[in-house]
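Colleague: Chains V and X are the protein sequences, given in the same order. Heads up, the first sequence is in the working numbering, so the first residue is 1 and it goes up one at a time. Heads up, the second sequence is in the working numbering, so the first residue is 81 and it goes up one at a time.
Honestly, the hints are just simulated from the structure, not real lab data. Each residue gets a CB set at the ideal place from its N, CA and C atoms; glycine is no exception. Treat the hints with caution; some may be incorrect.
The following label-pair restraints were derived from C-beta to C-beta distances [what the hints assert, rightly or not]:
1. 20(V) to 119(X): 31 to 37 Å
2. 95(X) to 46(V): 39 to 45 Å
3. 184(X) to 79(V): 47 to 53 Å
4. 73(V) to 107(X): 41 to 47 Å
5. 159(X) to 13(V): 43 to 49 Å
6. 94(X) to 78(V): 24 to 30 Å
Derived DMTMM-like pairs: lysine to aspartate or glutamate, alpha-carbon spacing no greater than 25 Å straight-line [what the hints assert, rightly or not]:
7. 50(V) to 40(V)
8. 50(V) to 60(V)
9. 50(V) to 172(X)
10. 50(V) to 97(X)
11. 87(X) to 97(X)
12. 50(V) to 69(V)
Covered stretches of chain X (chain V as the covering partner; in silico rule of three or more C-beta atoms under 8 Å from a C-beta of chain V) [as the list claims (entries may be wrong)]:
13. 117 to 129
14. 190 to 199
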Amino acid sequence: MPALHNRIALFRAERGMSRRALADAVGVNPQTIGYLERGDYAPSLELGMKIAEQFGAPVEFLFSFTPFESVAAALRRAAD
Amino acid sequence: MPNLHDKLIHGLDRASERTGIPALARGSIRRRHFRWLPIVALLVASAGLMLAFVRTDLSEAGFGLLMIGFAIAVMLPILGPLKPWGSAGIVDEFDRTMRARAMLAGFASVAIAAMIGIWFAMGLALLESWPAITLILVLRSLSFYLLVLYSAVPTLHASWSTDPIGED
Numbered sequence: 001m002p003a004l005h006n007r008i009a010l011f012r013a014e015r016g017m018s019r020r021a022l023a024d025a026v027g028v029n030p031q032t033i034g035y036l037e038r039g040d041y042a043p044s045l046e047l048g049m050k051i052a053e054q055f056g057a058p059v060e061f062l063f064s065f066t067p068f069e070s071v072a073a074a075l076r077r078a079a080d
Numbered sequence: 081m082p083n084l085h086d087k088l089i090h091g092l093d094r095a096s097e098r099t100g101i102p103a104l105a106r107g108s109i110r111r112r113h114f115r116w117l118p119i120v121a122l123l124v125a126s127a128g129l130m131l132a133f134v135r136t137d138l139s140e141a142g143f144g145l146l147m148i149g150f151a152i153a154v155m156l157p158i159l160g161p162l163k164p165w166g167s168a169g170i171v172d173e174f175d176r177t178m179r180a181r182a183m184l185a186g187f188a189s190v191a192i193a194a195m196i197g198i199w200f201a202m203g204l205a206l207l208e209s210w211p212a213i214t215l216i217l218v219l220r221s222l223s224f225y226l227l228v229l230y231s232a233v234p235t236l237h238a239s240w241s242t243d244p245i246g247e248d
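Chain V extracted, bound-state conformation (with noise of 0.2 Å):
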C-alpha cells in the first residue's frame, strides 16, 4: 500500500490551530493527528474529509500519495 502523505502540520500551523483544538473540532484524540502529522497512520476516508472541511480546502490539498513539495522549495518556485 503506497505512503499517504500529508500536510496537516503546514495548513495547522498557517491558521494558528493547535493539535487538540483540531483534534476537538474533529473528534478523535490530540495524539491521533499526531500520529497522522508524522505519518504513522492513514486516516479513513471520513476522518481526511473531516480534516479538508475544517480548514476549507479540497482534500487532495492535504492529502497525496506523492510526497508534497517543500514550502521552500513552492517559494524558490513562486520567485523565479
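Given the structure of chain V, go ahead and fit chain X onto it with the hints provided.
Modeller: Quick look at chain X alone, frame taken from chain V:
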C-alpha cells in the same frame, strides 16, 4: 473559613484522587508506552512455566515465578497505551485500529502457546508417567501463562508499533 467537616471531606477527596481510581473511572488516566515491562513479565513467567514443566518437584516455585509475571502483566492493560473496550475517554479510529492489531497479536500468541503447551504437557505426562496431580499443577501453570500472554502481548505490540506523541 472551612470547618473541620469540609477539611475532612476535601482531605478524603484528595486521598482518593491520589489512588488514581477516579482518573481511571473518568478515562483521564495518563496512558504510557511500556516497551520493556511486558518483556520482563513474559521472561519471568516463561522461566516459571519452564520450571513447572521440567522440574515437577519444583512446581510450586515455578508457579510462584509465574505469579510474579502475572502480577506485572495484569497492570499493563490498565496503564498501557491500549484503551479497553467500554473505556470512558474518547476511543477514536486510531485507538480502535491499534487495539485491533494488538489484540490479534495477543490472541495469536495465546493460541500458539496453548497448542504447544497442551501437547507438550501431554507428551511429558506420557513419557515420564506423571501422576494426575503433577499434570494438574502443570496445566494450572500453563493456564496462568496464557493469561500473562493475553495481558502482556497486546501492550508489548502497541508499545513497539508506535512512538509516543508529545504535547504541541
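Colleague: The structure should be examined with respect to each hint, and the outcome stated for every one.
Modeller: To see whether the hints hold, each was checked on the structure:
Between residue 20(V) and residue 119(X) the CB atoms are about 33 Å apart, so this pair conforms to the stated range of 31 to 37 Å. Between residue 95(X) and residue 46(V) the CB atoms are about 43 Å apart, so this pair conforms to the stated range of 39 to 45 Å. For residue 184(X) and residue 79(V), the hinted distance range of 47 to 53 Å is satisfied, since their beta carbons lie about 51 Å from each other. Look at residue 73(V) against residue 107(X): about 43 Å separates their beta carbons, and that is inside 41 to 47 Å.
At roughly 33 Å, the beta carbons of residue 159(X) and residue 13(V) sit outside the given window of 43 to 49 Å. In this structure the supplied range 24 to 30 Å is violated for residue 94(X) paired with residue 78(V), their Cβ-Cβ distance being about 58 Å. With a CA separation close to 19 Å, the supplied pair residue 50(V) and residue 40(V) stays within the 25 Å bound. Distance check on the hinted pair: residue 50(V) and residue 60(V) sit about 13 Å apart at the alpha-carbon level, within 25 Å; holds.
Only pairs whose Cα atoms come within 25 Å are accepted, and residue 50(V) paired with residue 172(X) is accepted, the gap being roughly 14 Å. For the hint pairing residue 50(V) with residue 97(X), the CA-to-CA distance comes to about 36 Å; that exceeds 25 Å, so the pair is violated. Pair hint residue 87(X) plus residue 97(X) holds up; C-alpha atoms about 15 Å apart against a cutoff of 25 Å. For the hint pairing residue 50(V) with residue 69(V), the CA-to-CA distance comes to about 23 Å; that is within 25 Å, so the pair holds.
Counting residues of the stretch 117 to 129 of chain X whose C-beta sits closer than 8 Å to any C-beta of chain V gives 0, which falls short of three, so the coverage hint is violated. Figure legend: the stretch 190 to 199 of chain X, annotated as covered by chain V; annotation inconsistent (0 residues with Cβ-Cβ distances under 8 Å, at least 3 required).
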